[in-house]
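Q: Those protein sequences? They're chains Z and L, same order as listed. Here my numbering is used: the first sequence runs in plain steps of one and ends on residue 90. Here my numbering is used: the second sequence runs in plain steps of one and ends on residue 240.
Among the hints, erroneous ones may be present.
As the list claims (entries may be wrong) - These stretches of chain L come out as covered by chain Z in the derived footprint (C-beta under 8 Å, 3 or more residues):
| hint | segment |
| --- | --- |
| 1 | 111-124 |
| 2 | 168-176 |
| 3 | 186-193 |
As the list claims (entries may be wrong) - Here are some, though not all, of the chain Z residues that point toward chain L, as calculated from beta-carbon distances under 8 Å:
| hint | residue |
| --- | --- |
| 4 | PRO52 |
| 5 | ASN53 |
| 6 | VAL73 |
| 7 | ILE74 |
Note that these hints are calculated values from the structure, not bench results. Since the structure is predicted, the reported quantities are computational estimates derived from the model, not experimental observations. Ideal Cβ positions, reconstructed from N, Cα and C, are used throughout, including at glycine.
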Amino acid sequence: MKFIALIATLMTGALLMYAEADFPVWGDPDSPASLHLSPRYIEKAMEETSVPNMVTAVLADYRGYDTMFETAVIFSAGIAVVMLIRRPRQ
Amino acid sequence: MIQRTANIIPRTIARILIPAIQVFGLYVIAHGHGSPGGGFQGGCILAASFILMTIAYGLEDTKRRFTENMNNILSSLGVFIYALTGWMCLLLGANFLDYSALSAILPADPVKARYLGMFIIEVGVGITVMAVMVSLFIDLVTGGKHGEGL
Chain Z
1 MKFIALIATL
11 MTGALLMYAE
21 ADFPVWGDPD
31 SPASLHLSPR
41 YIEKAMEETS
51 VPNMVTAVLA
61 DYRGYDTMFE
71 TAVIFSAGIA
81 VVMLIRRPRQ
Chain L
91 MIQRTANIIP
101 RTIARILIPA
111 IQVFGLYVIA
121 HGHGSPGGGF
131 QGGCILAASF
141 ILMTIAYGLE
151 DTKRRFTENM
161 NNILSSLGVF
171 IYALTGWMCL
181 LLGANFLDYS
191 ALSAILPADP
201 VKARYLGMFI
211 IEVGVGITVM
221 AVMVSLFIDL
231 VTGGKHGEGL
């Protein structure tokens, strides 16, 4: 069973390595993200949100839903630790 | 119980440093949308002040100021503030977490309301992160018994 899992892992890894060759170069100005998304955030963040910090505008406004569940993940992690190892009475 | 240190030097240093750390943490949360910072970082800085208090003054003193119930309430309150902001936007007729709808109840125009909405959710994130970090530290260091640490 472990051997099959190893084969599956290796094949998935090889597939990912193969697909990685088609990725845009790191920081490529012609990649789709740099062509549409980044200029939109850079140009419109100030006038749309009046927040001078662009990173916060993306984190808390454009990607607010994401950040909400990030907070929920931290909360569940804390609650899980409390549930697993907190021993109020001996 | 993590004991209060017998040495006076760490206790004095901690007494001087803790208010400064807490003010800096509040600054990082409140100014997070104007400069680098935000709820996650500011919450961690606030939690660091309580961890320093635990190390210098012992667990008993810290828990008298920041009780376990308070800790649990605060860690859920932060997420609640965040979700409530989203639901307020929904109730005011916009999309979930579309803060511009908050201009109906906040003294601001729709663009400025986004700024204030972001501030509110950063405060929520900061509260949750602070409470979770403190409870993680205390539980992991004392093995969950809140007795002898490390």
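Q: Could you run down the list of hints and mark each one as holding or not?
A: Outcome of the hint check:
| no. | hint | verdict |
| --- | --- | --- |
| 1 | 111-124 | holds (count 3) |
| 2 | 168-176 | holds (count 5) |
| 3 | 186-193 | holds (count 3) |
| 4 | PRO52 | holds (5 Å) |
| 5 | ASN53 | holds (5 Å) |
| 6 | VAL73 | violated (10 Å) |
| 7 | ILE74 | holds (5 Å) |
The structure is inconsistent with hint 6 alone, although it conforms to all the rest.
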